[in-house]
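Asker: Residues in the sequence shown are numbered from 1 upward in steps of one, following the UniProt record's numbering.
To be clear, the hints were calculated from the coordinates, so they are not data collected in a lab. Even for Gly, the Cβ is constructed at its ideal location relative to N, Cα and C. Certain hints may be false.
[What the hints assert, rightly or not] Restraint-style ranges between C-beta atoms, simulated for each label pair:
1. L784 / R95: 18 to 28 Å
2. D937 / V889: 20 to 30 Å
3. L784 / D903: 46 to 56 Å
4. S1118 / S762: 49 to 59 Å
5. L906 / S762: 38 to 48 Å
6. S73 / S623: 48 to 58 Å
7. S1118 / L906: 27 to 37 Å
8. P94 / E750: 15 to 25 Å
9. V944 / L784: 32 to 42 Å
10. S623 / S840: 25 to 35 Å
11. E750 / R682: 16 to 26 Å
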Amino acid sequence: MTGNHALLQDFKQKNGTHVAFGGDAGGKITGEGTVSNGIISFDKVNYCAQLNFNLLSVSQICDKSYSTLFDDSFCYILKPGFKIDNEWVVVKAPRDRDVYKLDMSQIDAETETTCLIAHASNDESQLWHRRLGHSNFRNMNRLVSGNHAVGIPSKKFSTTDLCPACLKGKQHRMSFKSKLENSISKPLQMLHMDLFGPTNVQSIGRKSYCFVIIDDFTRFSWVYFLHAKSETAELLKEFIIKVENQLECKVKILRSDNGTEFKNANVDLFCAEKGIARQFSAPRTPQQNGVAERKNRTLIEAARSMLADAKIPITFWDEAIATACFVQNRTLLVNDKKKTSYELLFGRKPNISYLKAFGCPVSILNLNDHLGKFESKSDDGFFLGYSSVSKAYRVFNSKTNTVIETINVKFLENSFPLVAHGPEWLFDLDSLSKSFNSNLFDFSGNARKESGDLGCFSDDSDNDEDGNLNSEYPFMSFHNPDHVKSSQAPGPSGSHEDQESNNQEEDVISPNDGGSVQNQPSSDPNAEVIPESFDYFINSPDQVPNFTPHTSSILQDLPNLNTSNLETQVQGGDIPVHRIHKKHPVSQIIGPLNQRTTRSQTEHANICLYSCFLSQVVPKNISEALKDNSWIEAMQEELLQFRKQEVWKLVDLPKGENAIGTRWLYKNKPDERGIVVRNKARLIAQGYTQEEGIDYEEVFAPVARLEAIRVFLAYASFMKFEVFQMDVKGAFLYGPITDDVYVRQPPGFEDPDYPHRVYKLSKALYGLHQAPRIWYETLSKHLLEHGFTRGQIDPTLFMKRDNDDLLCVQVYVDDIIFGSTSASMCKEFEEIMKSRFQMSSMGEINFFLGLQVKQSADGIFINQSKFIEKLLKKFKMQDCQTIRTPSDVNCKIQPDPKGKAVDQTLYRSMIGSLMYLTASRPDIMYAVCVCARYQSDPKESHLVAVKRIFRYLKGKPNLGLWYPYEGNFELYSYSDSDFGGCALDRKSTTGGCQFLGPRLVSWQCKKQTNVSVSTAEAEYIAASAGCSQVLWLQNQLLDYGFNFLKTPIYIDNTAAMFITANPVQHSKTKHIEIRYHFLRDNSEKGLIILIKVHTDKQLADLFTKSFLSGRFEFLIQSIGLINHD
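Sequences are here, hints too, so could you generate the full structure?
Answerer: Listed below in structure tokens is the structure:
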């Protein structure tokens, strides 16, 4: 833009907009032209007469392929092609349209350099000072400037206020000078160690000593908390064996003082056997063991500062030390190497974004108690540290007086600190510090500062004469071996660290919402209980609080997981840890809470670390979704699939065309235990606006029947191979669409430049009528091209043979299960799918179409216990009394015109849920079908019958189908009928069930369409229906290589058998409709054969009437239903 008309060539008049200048009234753009100096020219330069200067846009220069360079004297315009080496780049500011923006929250990963041009506020500096364990600001800035950690803001930290907690905790005497050169070159080459204590106040775990071990090369540290000095020798031996195994390095030298805990025959013999040299400091010369002594000081100063800042009792001193250790290992830098101890030991930078201020108030989600509608869902407490056995925080629950480990916690760091209350000795830091028997400390109230800055601003001081004593040497928790043994789960410390991509996906044990046991004093003599006097602080003298001890392992730093969203509320219970007595669901207590059972629970936990990134609340609309980062990420993931698959193109809507609306659907995807493992957002087209013949033609797409799924699993059990599952991400987006279909832009993600444009689809979209068919054709084409054959009867079944090996694939839209007698064929199939589609490999099948599938050493178990639990809660039946049968034999359901009407919507919802449950529960089939007949006008008597079914389910939630590996694979069927059992129209009910060996794969219960005049007619019609199902199974099994003929159908009516064998026409049979003689025709063809069975052994009886509990139990056991807890 210019105000000099003479500079413009090819000038054109223009009625432009009004522009404003700083300090002036501005002016109006009245024309435009071209400006050129003979080398470079610029088009469409605006002319404003009131402008006294010429303005040139850097972005327009770059659009001409030129580059610019600025220094303190000139701006250089450089020729096209000029490049700057990355080694000269400090920070990059990406271009956004015509503006270059510098985002200080992002660091260029290529240069690993941060430009500190932003200063943190005083409050933010103090907050991170607390989060980093009261580390000095110089070290904090070095951590940022060197890009030594991930998750800390790229700002310069400083404060004008002295930290009162650091004044109390870090004033000290002058230390000894350091050794100028360090000869140690490898981790574990030399270990320094010291023991401090006893404390005058035992910790919450009744510990009085702290054992500190430091690696000389990396300054990585471990701590143990001990009851007595005598535990040191055995603990040291176990530590050395463990750390050598985990780090694959050998300990060569041990340096310590002359204490008898280190200098004894037990340790000497152990070191002699392993070839470890011993070094001892001279008597009364702690400076010669300066690395360990200095580490003690750094640790205690940090712990003192944290306790003083948080104003929590000194009985939490071990929690403060453990947290200080954890933080310092990841934040303090080793001077001569300019890296953190964590990075030196493990070769990667730590992620510290999840760190929280010690002692800050927290809100803990209560998942154990039965809460009323208006009761508080959370308990108050305060933050203590980080779990060493799982990805969770350690917090003190003020309501239950327990230390627990949980991810269901919100931090109130802005409410920091708490107000202390209780006896003075609980907060007497000086008395606690004096009990640490170290000669390097002076914590008196008149302590003077002899050298250096206050500890708040510097943890660095001159080093001792025998090692680089620097406070930047980090610290980490490593506790008693009996605690380490109490859990096999890897610690979470490392799982919090780096690696942004590895988010998934392990299992979580979530406590039931059932009954719980109250806290009670531990019967274990080793249980960790806080002193009774601590009750002054928790204000609950009637309860004895119990605490989870620290358990830690060197493994806690090994996993690589992203924890950027650790505060997200996630369904999952408190982690079971050995030696803790707390509220726990009765349903999960299977025996005495001893070490073995608790460890078993911990091993089985395999905590679902990724779950902490997920939202538990499903938004009702786009407005709610846009307020939750988890759902925003889910929607962005869906749109990313659109971009990868080139699903659409933004265009103007042609005249005469109709744009179909779009909407978002949200769903939490649970695993087989009901725990949310994924937030799924799906963009769908509002296909109900499409018109047949105009917008689409062919829409049919085959879908696997539940019977086909059960046949697949039955075959897998017979062949004894494992079944796996996977699903296709954005399956419908892979199918090309030939019709011209336009959809509106997704709500919440409209293009700001072209809000009125629409998308033209090149691939199918969920919600379109033709989308399922297009996807099926795409998938089947891909599989057929790779040597698969499609089932003749079931087109969703695909088979592939390789000599004697067989691979079976069953497809249900985008969900796929597969298995093979050859592991290599399964691997090959996985690669085939991944070569064309983006897949989510879920491993062994465990949850498919709402069915929980458990593969064990002797068979496959199918049930829906989690769905039952969900239904009981949904319909408020979780506290109902149980009953042994689903229907009352003495009270038949019938029309009740004078009865009290009930909510039709509720009744139909209950019936619909129960019908879905019959996929694995044939025992309720008859009762549900009878109740379903009265959905049009339900009465109170009918609702009572439905609730009886729920009462039955409450008593047997874990009942399910059992498909054993042993047993034949012969097809046979049972068929039966009652006679005029329906009180409404006197029609009979057909019942039937089909087996493959001992495996029940199909069953039926249906009211007949005509009124039978005899039992023979009713049984004949029922056998005809059973024959239809047998023929379908025969054809289905042809694809598996089985050709069944003369399949037996067991019936208990001799007259029906005679009608099948002899086409006699008489008064009682001549009126039977021709279609039912289909049975006779197939019997003559040899496809089926009718066999007489005694009524007592007629298994199909279960689907025709109600029974007393004895007969009912016999029938459900006979068809293969078992209770598999």
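Asker: In ascending order, which of the hints set out earlier in this document are inconsistent with the structure?
Answerer: 1, 9
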